[in-house]
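There are 2 protein chains.
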Amino acid sequence: MKSTLSPNNTFLNINLNKILENYRIVEKHLKKGCEVGAVVKANAYGLGQEQVVQALYQEGCHKFCVSNLDEALQIERTLEKEIYLMHGIGSIEMAEIAREEGFIPMLNHLEQIKIWNLIAKEKSEKLKAIIQIDTGMGRFGLSNTEIKKLTTDPDLVSNIEIDYIMSHMSCAEQENHPATVKQLQEFKKYLEFFPGVKATFANSAGIFLGEDFHFDMVRPGCALYGINPTSSELNPMNSVVELYGYIVQKRIIEKEQFIGYRAQYKATPGEKLFVIECGYADGYVRSLSNKGICYAEGYFLPVVGIVSMDAIIVNASALPTALFDEITHIELLGEHITIDDIAKYANTISYEILTTRFGNRCKRFYISDNNY
Amino acid sequence: MKSTLSPNNTFLNINLNKILENYRIVEKHLKKGCEVGAVVKANAYGLGQEQVVQALYQEGCHKFCVSNLDEALQIERTLEKEIYLMHGIGSIEMAEIAREEGFIPMLNHLEQIKIWNLIAKEKSEKLKAIIQIDTGMGRFGLSNTEIKKLTTDPDLVSNIEIDYIMSHMSCAEQENHPATVKQLQEFKKYLEFFPGVKATFANSAGIFLGEDFHFDMVRPGCALYGINPTSSELNPMNSVVELYGYIVQKRIIEKEQFIGYRAQYKATPGEKLFVIECGYADGYVRSLSNKGICYAEGYFLPVVGIVSMDAIIVNASALPTALFDEITHIELLGEHITIDDIAKYANTISYEILTTRFGNRCKRFYISDNNY
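In the order they appear, the protein sequences are chains G and X. Numbered by the numbering used here, the letters in the first sequence go through residues 342 to 713 in order. Numbered by the numbering used here, the letters in the second sequence go through residues 342 to 713 in order.
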């Protein structure tokens, strides 16, 4: 689907309808009663926190996960939302702001728990929190020793209402990784220390591993934004973004010559090239040099030479002359070139492609049936 | 140098004084009479177009290069500036806006020249432009055949005042690359077709190759922002940015375990780790997984495991206990870990590190002796 707009620059279409379709696909997969805490950190994976939160909210999603206080403060809060701070609160000052704003921190270590409990005590309140435990990711969360301290000293959480016990999976998107089963077992073991408390474990990949991973809330991120959350199946999600690169210049090579920085591609006479307004400063990462592939009206066109800061060069020799002459934009990402394709060419993961300034500089169009 | 501010999050210091020092270093290198057109495209290489332009302007720089109309329109224009559009103008509509705003396009091919000349004719004006010719970069600029057409048909530029003839170097930062001399020869040959017209050839690296490359204007970008513009010498430029990563969590490993996504690092009992609030969504690119190095009070600390979207994990075992306990931030980039170091660890170039959302999400502090 092409935007009806055809500006003289590179543009990004962000399809909010597709994000909502993905949200519904996730919901359909869930165990009965399991809720969704949509992950909208990193500016909703680069796609616009404001627009994504608003769309999801109207669809019925009222729980949102962000990484820290700064991101949470950017969410519009006139309507009731539960906003989880994944990095927790690191100081009394941060805790006071979080409390005032009604945010729910994920408490990742004893120091954070102490701060939150202290603030709650001072205000003579019970304050909600998620408690994260480490089951093998080794990043955020309480260690085995800390969990034992917590369960043997109820004073530590005397004024905390534990909303969920949480853990995060390290290898969920890798097929049959032994860490996945091991983490699940650890998680269930620790949950026994917290009878009656709700639990949240699965990220997008975890959701598609089955109901055993769902517990009371799941935290989809990548799946909402169209990244394949399964390890080996066809992508069940809808593609959400389309990036159309504007052709600044068309060249027909006159004599053999090198192309681009560091002379890493040699073009031959008659070769047809497009110079596209999109470079690594637009998130078209430099590791796509001589590796990226673009698409135009039935033809796949390779990136040639090194990706520049503001431009790539594409071999368009495959195009019929009339098409070469007329065309103004080519698909850098969309129906034919998926995020997962680009990540593969660039030797990274789709998440990095989405969040790395992707299309930040170009014009953005939000496609939606509703008015946001 | 540490910022006096110590917020509970990751923060970026951008030192405008150092950018101005770099500007003066560039100026000192220049042939007499040669001017500077500062390259401030891509949001001044990610450091903030508004602040950088304002600082440079007050320092006496009045010529600025951006990639396209959108970037040009973001520059504050109350004072007199010459703003060059490196991608030129691709339509009548764009040309009309550019003319109205007083921008000077770099005309890269005959079609752009025709459009600009047409607009000028319609308004019965002479309009300034830079004409770019391709001398071996193979990206923007007129081909040999197009240059001949232009020089044999003066009508094509009847209403254009050619401000500069321009070309761009492809291999200037590589020591003694044969393309560099060849491009210079080609450029000089083509200049003979445009007697009396000024010329501009060198980017940052070209400036440091000597006066023969300077002509009438140079176009420094990376050098202003502290990237080493020489191929093999010590960096003559000042470092401009410092990124201090906030420590969200400190861990002491209790039993052998994998760390981070995909279980790509195994930590052993007693190992001390920092979890830092800075991931690939902050421009700490994922290729730094198990490769990045950070710094704290005399100690170099390696990144362990895969870089997450919002966090990295660092092995802090080298730190004395008291320091491990007290420290709140570590240097991800600055005096001890330079942009060029990070680029080397990440297997890319410094330019990509700067422009890839680098520190976009964290708090930014501009350091300046003046008020901007």
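Hints are computed from structural coordinates only; laboratory data are not their basis. None of the values given here were measured: they were computed from a predicted structure. Misleading hints may appear alongside valid ones.
The list makes no distinction among identical chains, and a pair is therefore deemed to hold if it is satisfied within one copy or across any two copies.
[Said to hold, decoys possible] Cross-link-like lysine-lysine pairs, in silico, DSS-like; alpha carbons within 27 Å at most: (1) Lys591 to Lys523; (2) Lys632 to Lys467; (3) Lys613 to Lys539; (4) Lys607 to Lys685; (5) Lys596 to Lys455; (6) Lys704 to Lys404; (7) Lys455 to Lys372; (8) Lys489 to Lys539.
Output the numbers, in ascending order, of every earlier hint that fails for this structure. 2, 3 and 7
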